[in-house]
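Protein chains: 2
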Amino acid sequence: MALYVHKYGGSSVADADKIVNVARRIAAVHDAGNQIVTVVSAMGDTTDELIDLAQTVSSEPDPRELDLLLSTGELVSITLLSMALRNLGYDAISLSGPQAGIRTDRTYGRARISQVDPERVRRELDQGRLVIVAGFQGSTPDEDITTLGRGGSDTTAVALAAALEADRCDIYTDVEGIYTADPRVAPKAAKLAHVGYEEMLELAAAGAKMHPRSIELGSVYNVPIYVASSFTDASGTLIHQTSDDGEMEDRIKVTGIAYQTNVAKVTVCGVEDKPGVAAALFEPLAAAGISVDTIVQNTSADRTTTDISFTVTTADLSRALREVSQLKSSFGAGQVMSDETLASVSVVGSGMQNTPGYASRMFRILADGGINIDMITTSEIRISCIINRDKAHEAVRLLHEGFELDEAG
Amino acid sequence: MALYVHKYGGSSVADADKIVNVARRIAAVHDAGNQIVTVVSAMGDTTDELIDLAQTVSSEPDPRELDLLLSTGELVSITLLSMALRNLGYDAISLSGPQAGIRTDRTYGRARISQVDPERVRRELDQGRLVIVAGFQGSTPDEDITTLGRGGSDTTAVALAAALEADRCDIYTDVEGIYTADPRVAPKAAKLAHVGYEEMLELAAAGAKMHPRSIELGSVYNVPIYVASSFTDASGTLIHQTSDDGEMEDRIKVTGIAYQTNVAKVTVCGVEDKPGVAAALFEPLAAAGISVDTIVQNTSADRTTTDISFTVTTADLSRALREVSQLKSSFGAGQVMSDETLASVSVVGSGMQNTPGYASRMFRILADGGINIDMITTSEIRISCIINRDKAHEAVRLLHEGFELDEAG
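Just so you know, the protein sequences line up as chains A and B, in that order.
At position 93 of the first sequence (counting the first as 1) the number is 93 in our numbering, and the numbers step up by one without a gap.
At position 397 of the second sequence (counting the first as 1) the number is 397 in our numbering, and the numbers step up by one without a gap.
Keep in mind that the hints are not guaranteed to be accurate.
Facing chain B, from chain A, some residues (calculated, C-beta under 7 Å) [claimed, not checked]: (1) A16; (2) L69; (3) R86.
Subject to a maximum C-alpha distance of 25 Å in a straight line, what follows is the list of computed SDA-like cross-link-like pairs (lysine to any residue) [as the list claims (entries may be wrong)]: (4) A/K18 x B/D52; (5) A/K18 x B/L53; (6) B/K209 x B/D45; (7) B/K391 x B/V185; (8) B/K18 x A/S59; (9) B/K188 x B/G370; (10) B/K18 x A/D52; (11) B/K18 x A/Q55; (12) A/K18 x B/S59; (13) A/K18 x B/P63; (14) B/K274 x B/T294; (15) A/K18 x B/T56; (16) B/K18 x A/P63; (17) A/K18 x B/Q55; (18) A/K209 x A/S235.
These are calculated hints, taken from the structure and not from any lab test.
Treat the numbers as computed from the prediction; the structure is a model and nothing was measured.
We put the CB at the ideal spot given by N, CA and C, even for glycine.
Put together the whole structure using the sequences plus the hints.
Structure below.
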């Protein structure tokens with residue numbers, strides 16, 4: 001008897017018909033003799049609607065209160081899905097994040113899972129029940145409700161799969177799997193049958209639709225993650241440990257092209273060029289929960305001051321600017337500039353670090369397309385360029401073609 | 001420094017403007033140097049909307065699942081109210097029923113509070129916070145979510161007031177207090193400045209807008225309950241322990257006329273007239289959570305069989321009929337009949353039991369109005385008649401006038 005954790009996103013449970021459809025799919029897994037835990041997101045646009053509702057009483061809702069408010073979205077979807085299963089004659093039970101043992105830190109709005117206590121889930125499974133768990137939410141040691149941030153339900157599912165030692169974690173969504181690029185942008189993008197955690201992590205962080213923390217967790221606990229469509233039976237993409245033997249030809253190829261369009265850049269000019277400046281700048285940003293991506297530091301011609309540029313999401317830009325302006329005087333900085341019209345494009349592939357020429361090839365393709373590069377960062381398996389947002393889609397298409405990823409038509 | 005528990009119903013927090021209005025009222029209590037805990041119901045018709053939503057996936061939603069679903073309504077209203085208070089500059093915190101220590105039994109849909117553990121609420125109050133608590137909900141020893149049934153937020157408020165030893169529990173609603181009859185039915189109804197728990201209990205059970213269990217709790221723990229409007233500053237009605245000294249003239253008066261229109265009658269004909277029959281009939285109904293009100297037993301002419309009639313709410317009728325038909329054969333009953341077109345009207349007053357003539361006066365007033373009486377029950381402070389529903393409003397007006405309760409115009 002296998003144990004599966006399945007996760008369905010908001011678009012898969014957007015209305016009663018879709019919920020009944022998901023119920024039938026879950027029932028089929030159970031009927032095939034398996035145990036199943038299903039993690040569900042809030043229906044459709046519920047989370048956005050709740051945020052709008054909060055805005056009607058407060059322009060800056062308290063993060064703790066907002067999390068308790070947002071947590072109701074998943075409580076609605078899990079109870080409806082459980083009712084739908086019961087209506088089909090199955091013994092289902094819904095559990096909130098806290099009931100399912102999802103413990104987190106106190107970072108409201110983007111809490112991290114500290115521990116999963118799967119005792120209750122296991123007890124319900126042992127009684128032959130189909131367990132439905134609210135994604136996206138957990139509780140602090142004080143039993144306050146937290147949410148895990150956008151896409152957090154993926155993380156809930158993988159964390160539960162790890163804690164339950166499940167055979168596989170299936171993420172059902174509105175796309176059929178992981179592609180070599182966003183198919184809406186690059187029509188010739190090809191679906192990947194399988195991909196390694198690290199490559200997927202870069203694809204996810206750089207724009208593909210998966211919560212990066214879920215991939216991290218899957219990698220650490222070695223949980224095979226299968227991404228497929230909730231609406232069709234087409235085969236999806238398996239994210240798993242790539243073996244060190246074999247697959248050599250695969251490993252030296254580029255896996256895909258990722259992008260994100262919500263990139264903003266902050267430049268702090270004329271910072272004193274002395275030890276500790278970077279720490280003084282980025283520690284408070286981290287403490288404020290602002291995620292900084294690319295960082296570039298350019299020493300000025302006279303070598304006494306330096307300009308530091310970094311990117312954040314456009315959503316974090318105003319908070320980041322507030323933090324920076326408070327800090328400015330402490331390290332003698334001059335002007336602070338920002339640009340919120342940027343995007344990133346990335347070439348991802350696990351073989352790249354050992355194979356020269358990928359970076360220069362990327363820069364050449366962008367140059368030939370007349371696309372200016374603002375900043376560059378590289379990781380072991382990724383090369384990313386910050387470019388003008390207007391050029392993002394074109395860059396993805398050019399890179400997809402240039403790296404020979406286009407599906408044979 | 002006084003400690004108050006205030007409760008606001010769904011119509012008082014139906015939209016953002018009303019929530020901000022409630023926030024201002026709470027803030028004023030705090031500004032006057034008091035501690036305050038506010039219990040809130042779900043916004044407007046949220047609970048009904050959630051029930052409708054459940055119906056879209058299941059015609060008979062599982063009670064446990066339904067309770068978890070319904071509990072989200074109050075989580076929305078408490079978080080919005082807390083955000084609104086914070087927006088006004090106050091340090092507010094919202095707590096779900098379980099977080100506020102409301103422990104219940106496992107009777108989903110109409111759970112009873114077994115215990116209130118006020119430790120968390122007290123800790124927040126000690127930090128100078130304005131505490132907002134979700135009404136209507138609690139948790140079982142297994143940490144499953146329960147709801148207390150319609151009007152349960154009143155019970156939450158009084159239970160919290162008792163556990164916190166609050167100075168008073170204020171119930172703010174869309175009426176200005178407790179009247180001698182429903183003002184929509186009897187336009188000459190007068191507002192009562194104060195009323196005893198027992199009389200209020202009869203008025204509440206017989207139709208006035210208060211959750212009877214909240215009055216019971218108030219009576220047991222001697223919590224003064226003040227009922228007033230959330231929209232005006234008009235004085236309301238204080239429900240409290242009536243003193244044994246003084247007020248003699250008040251005590252021998254009729255306090256008010258109550259009614260309810262959701263009465264259904266079940267008659268089990270030809271039941272064997274032997275010991276244990278009533279127990280065999282009513283124990284399973286109680287076990288099914290069906291509340292039986294009036295019970296009348298008529299022995300037949302031949303004295304070997306009897307007819308038993310009882311009333312339930314119209315909402316419980318189909319379940320009651322199902323239970324009874326399962327039992328029928330076990331005590332040799334014949335036909336089961338039902339009538340769901342009934343209402344009850346009651347004359348309530350704490351002095352009635354020692355004062356003859358009230359019952360006959362009631363029957364005379366109804367008879368003179370051409371209103372037929374189907375069943376009669378009396379308690380120490382109440383006389384109730386079951387009549388045809390079409391006559392209910394007329395009966396209330398006639399009794400209100402006949403017992404000289406009409407306000408001097």
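Each hint, compared with the structure:
1. A16: 4 Å, holds
2. L69: 4 Å, holds
3. R86: This interface hint holds because 5 Å falls under the 7 Å limit.
4. A/K18 x B/D52: Since the Cα atoms of A/K18 and B/D52 sit roughly 17 Å apart, the hinted pair holds (cutoff 25 Å).
5. A/K18 x B/L53: 14 Å, holds
6. B/K209 x B/D45: 16 Å, holds
7. B/K391 x B/V185: 11 Å, holds
8. B/K18 x A/S59: 17 Å, holds
9. B/K188 x B/G370: Cα-Cα ~21 Å, so holds.
10. B/K18 x A/D52: 17 Å, holds
11. B/K18 x A/Q55: Measuring from Cα to Cα gives roughly 15 Å; hence the hint holds.
12. A/K18 x B/S59: This hinted pair holds, its Cα atoms lying about 17 Å apart.
13. A/K18 x B/P63: Cα-Cα ~22 Å, so holds.
14. B/K274 x B/T294: Holds, because 21 Å separates the two Cα atoms, which is no more than 25 Å.
15. A/K18 x B/T56: Distance ~11 Å between A/K18 and B/T56 Cα, so the pair holds.
16. B/K18 x A/P63: 22 Å, holds
17. A/K18 x B/Q55: Measuring from Cα to Cα gives roughly 15 Å; hence the hint holds.
18. A/K209 x A/S235: 17 Å, holds
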